[in-house]
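First to last, the protein sequences are chains A and B.
All residue numbers for the first sequence refer to the working numbering, where the first residue is 1 and numbers rise by one.
All residue numbers for the second sequence refer to the working numbering, where the first residue is 1 and numbers rise by one.
Be aware that a few hints might be false.
These stretches of chain A come out as covered by chain B in the derived footprint (C-beta under 8 Å, 3 or more residues) [claimed, not checked]: (1) 286-299; (2) 319-330; (3) 355-368.
Hints listed in this document are in silico derivations from the structure and should not be mistaken for laboratory results.
No residue lacks a Cβ here, since even glycine has one placed at the ideal position from N, Cα and C.
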Amino acid sequence: MTPTERVEAALRALGPAAEGRRADPWNAFLDVDAAGARARAQAIEAEGPRGRPLHGLVVSVKDNLAVAGRRMTCGSRHLERYVAPYTATAVRRLEDAGAILLGKTNLDEFAAGSSGENSAFGPTRNPRDPERVPGGSSSGAAASVAAGVADVALGSDTGGSVRCPGAFCGVAALRPTRGLVSRHGLADLAMSLETPAPLARDVATLAAALAAISGPDPRDPTARRTLGTLDLAHGARGLRVGVLREYFEGVEPATERAVREALARLENAGATLVEVSVPETRDSLAAYYLVNYVEFASAMQRFDGFRFGTPAAAEGALEEAVAAGRASFGPEVRRRILLGTYASEQEHAARWYTTAVAARGRLAASFRRALAQVDLLAGPTMPFRAFRLGEKTDDPLAMYAADVLTVTANLADLPAGTVPVRAQGLPVGLQLLGRGGEDARVLEAMAEVERLEVEA
Amino acid sequence: MASDKVESVSVAEVRRLARAARLTLAPDEETRLARDLARILEAFSTLAPAEGGAPAPAAAPPREDLVAPAAPETVDRILAMVPRRSGRHTKVPRRGGA
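Model the full assembly from the supplied sequences, consistent with the hints where possible.
Now the structure itself:
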């Protein structure tokens with residue numbers, strides 16, 4: 001397909017949403033730039049590929065990443081009228097690599113959610129079953145790829161925010177090591193955990209996208225890593241894979257079966273599987289959420305209606321005006337702000353925040369030890385498949401439990417990818433975790449899993 | 001490791017936290033959040049405390065927090081990243097109704 005044909009196919013799939021008249025069938029997009037995408041397609045078609053690795057591919061961008069001149073809502077009413085003054089480095093690099101930006105995608109408000117149901121602009125639906133959640137917080141990103149609208153989606157991953165929706169929607173996604181992708185232009189709300197992260201229709205496209213957006217950036221001093229050499233035809237021979245025992249505890253049988261069958265195929269292709277135990281994994285959910293709450297509550301202070309957000313119409317003291325301006329925050333955002341405020345107060349910090357930081361350190365050390373014995377660690381991405389819309393919205397702990405297998409990568413800062421495996425009915429993702437900085441090794445193994453699954 | 005202490009968060013405490021966090025809560029929301037916070041903290045109280053209490057302080061004390069002029073080249077490098085500027089001042093969109 002030519003770039004113009006790709007864009008027209010994407011716009012047809014979106015229906016009236018392409019012209020901004022109403023939501024697309026999955027509520028995946030919050031803003032579609034049809035005219036801009038058409039113009040860009042024509043321009044790059046005239047220029048030719050010029051060796052650009054993403055020439056003519058259609059991309060979507062999560063609405064917590066800045067695109068100059070476009071709205072950037074973070075899924076919140078509070079930022080409904082905010083227009084980004086500049087473009088995030090990762091987005092600019094996608095365009096430099098020849099991609100065509102189609103629009104901004106839906107997300108849980110301020111990336112606080114695991115299902116895609118917390119957006120102020122309505123829940124996203126899973127293209128594989130519209131009665132089920134797509135996963136979050138990069139809900140629209142995964143839906144845009146699963147629906148065949150976008151070839152690549154740029155999301156962000158704080159505790160599994162691309163891997164969860166990737167697994168639920170059946171697309172490939174990778175949480176890079178921090179410092180590989182610039183966070184410039186990301187509305188970062190948990191700065192020790194979060195990084196921009198790509199999703200794509202297949203692993204080769206995912207790898208091309210990551211290669212395009214990675215590398216040092218003077219606008220983000222933490223972005224210092226490079227991807228290094230990548231051989232997607234590397235295969236499984238000689239690969240030592242640690243199968244994480246704790247990652248199968250409490251996992252639904254259909255998910256466990258699909259993941260173990262995929263691992264058996266990897267073993268038949270030449271990989272060596274060894275069982276690995278990291279008991280500290282059982283502390284990961286508590287450690288993750290306590291760290292997240294505190295960082296989130298701190299970062300959310302800038303959304304006060306003055307620095308960012310909707311100014312309050314209320315008269316009176318400054319504090320009252322700020323509180324009135326923040327009245328639009330949704331329930332999960334308010335819950336996290338309160339918990340973060342509580343856990344970081346002087347009288348509570350030692351019991352909650354400091355304990356969580358210490359647990360995070362123990363967990364990271366244990367994962368480093370485990371990864372000294374093997375090349376990669378493996379397990380399911382999610383403990384269950386996509387659940388029904390509304391099934392967990394009244395129970396925050398049940399919702400948090402969905403993240404139990406993904407948060408460890410963020411706490412220990414490991415590259416972690418999800419790749420769809422053969423399963424009956426709803427999609428299942430196999431998760432692979434590598435040593436910090438060895439993102440290329442994770443992609444290579446993901447490519448082999450994908451090849452074996454297609455051939456199976 | 002399970003905790004033997006049941007966490008409790010009162011409505012008054014939620015109200016105090018909301019004031020500190022600059023949030024306005026409706027009365028029914030205060031009640032619901034008190035229940036949510038207690039339940040979540042109870043679930044997370046299984047987290048084992050750091051051995052010997054809080055982590056030991058760093059071997060070297062943090063440096064003194066002193067105000068010092070930035071090197072001119074640093075200022076220029078930062079200003080070069082500003083999307084819109086006027087001389088050595090940044091330009092931002094007008095905010096509010098004024």
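Open item on the list: Please verify the coverage claim for the segment 319-330 of chain A: does it have three or more residues whose C-beta sits within 8 Å of some C-beta in chain B?
Closed with: holds (count 7)
TODO: Confirm or reject the coverage of the segment 286-299 of chain A by chain B under the rule of 3 or more residues with a beta carbon closer than 8 Å to the chain's beta carbons.
DONE: holds (count 5)
Open item on the list: Between the segment 355-368 of chain A and chain B, are there enough contacts, at least three residues with CB-CB distance under 8 Å, for the coverage claim to hold?
Closed with: holds (count 6)
Hint violations for this structure: none, all hints satisfied.
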